[in-house]
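Please put together the full structure from these sequences, using the hints given.
Here is how the chains run, residue by residue.
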Amino acid sequence: MRALAAVLGLVWSLVNLVIAYFFVTSAFVAKTAAKEGILAQLSLLVGGVLIAGFAILLARECVRMFRPADASSTA
Amino acid sequence: MRIVTWLLVLAGLALAVFGVVTALGQAGSGAQPWSEELSDNFVFVKVLPFVLGFGVAAGLLMARTYGPKVRSDGAIRRWSPGTVFGHAILTIGFILALPTGIWQYLGGILDVELPIPIYLIYRVHYIGAAIVLFAVAAFMSYLWMTGDRSLLISRGQWSRHLLGLAYELPPRIRAPYARLLRVDLSQPRPPTGQFTFYEKVVEFPSWSVLLALITITGLVKAVRYLVPVPGLVLFVASTLHVAAMVGIVVKLLDHLRYTFPRWPLVRSIATTWVNQRYAQLRHPGWLQAAAGGSAARHGGERSGSAATGVVGGSDS
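Protein chains in written order, with the numbering used here: chain A, 2 to 76; chain B, 1314 to 1629.
If you're looking for bench data, these hints aren't it; they were derived computationally from the structure.
Treat the hints with care, since some could be wrong.
Unchecked claim - List of simulated lysine to aspartate or glutamate pairs, EDC-like, C-alpha gap at most 16 Å:
no., chain 1, residue 1, chain 2, residue 2
1, B, LYS1382, B, ASP1497
2, B, LYS1534, B, ASP1353
3, A, LYS32, B, GLU1516
4, B, LYS1534, B, GLU1350
5, A, LYS36, B, ASP1424
6, B, LYS1564, B, GLU1516
No experiment lies behind these values; they were computed from the predicted model shown.
Listed below in structure tokens is the structure:
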């Protein structure tokens, strides 16, 4: 069950990295600037970076789950 | 009382089914001039009161399962079966509403369309949103009935919780965090209770804010074809709805990142139980409180705390 959760977590991380990629790249597209404005561009950039960062953190935890008995106790 | 609760739930279910069937019947009668997308919006708005009412009734039943218990092997109940049910329903709602919501937003930004009609994406989004709203109503009713505030930080306890959180953070960010919030790290680490300091300081408040934000802004967006909503209000609601969606995406990643390494906690949100050894190791304050409550009870004092019940409860 633990391994299955780790695999699903990795898949979810990858999906979110793709979403983050689209968020970040869309922030620098001229069409977004014209259609949505600077605030939307900034939001896409910040949102994309945050999603990517947390997706990487989740992926790291999922990889750790394949190792036996991790005694991590930090947040 | 139990029969009354069940009757209320059954009545709520019957009314919800009646509301859904009636709304779908009106939409499918051929008499409505709306497009598929707008028609779905009307169905969603019409069934909302029934869904919310059913949610409130379900919360009453969930509240019947509330109460601390301990099993014969020493395992302690961390979540009530009602909470586990509500969490599962909320998860299903998010599984449906989140990807469809992301697609509505990203599809517009990227200016691309899927080979399936957009109204189907909206339809799944509405179904997911209705499930989320059902769960939110159920949890509100559950918390109101049980009076459970164990995930809230009571007045005067913030400094203790911020200190506890400092010790749960990775060492490299502990010092900057302590400097920023003026947390005195010379103080001893407070024992973790039923919930970790991270759950109480970060997890629960952020989920509450995000759920409230996405629910309120979603409702404003949903009723805009039935009730006149000023343009500025709609713009702010739409912007905040997207912001809440991004926040939920981030929070979901953080939630999984946090709980996966604490596998007994993941198990507990499915089984309700945490084994005694894990509780002793990771939640010593929970057991200390339980022991304190037990001693107080044996000393002839009455105690209504949850911790007392942990020791005094049973798995009947």
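Here is what the structure says about each hint:
1. B:LYS1382 - B:ASP1497: violated (36 Å)
2. B:LYS1534 - B:ASP1353: Distance ~13 Å between LYS1534 (chain B) and ASP1353 (chain B) Cα, so the pair holds.
3. A:LYS32 - B:GLU1516: Violated - the C-alpha atoms of GLU1516 (chain B) and LYS32 (chain A) are around 36 Å apart, more than 16 Å.
4. B:LYS1534 - B:GLU1350: holds (14 Å)
5. A:LYS36 - B:ASP1424: With a Cα-Cα distance of about 11 Å, the restraint between LYS36 (chain A) and ASP1424 (chain B) holds, given a limit of 16 Å.
6. B:LYS1564 - B:GLU1516: Measuring from Cα to Cα gives roughly 8 Å; hence the hint holds.
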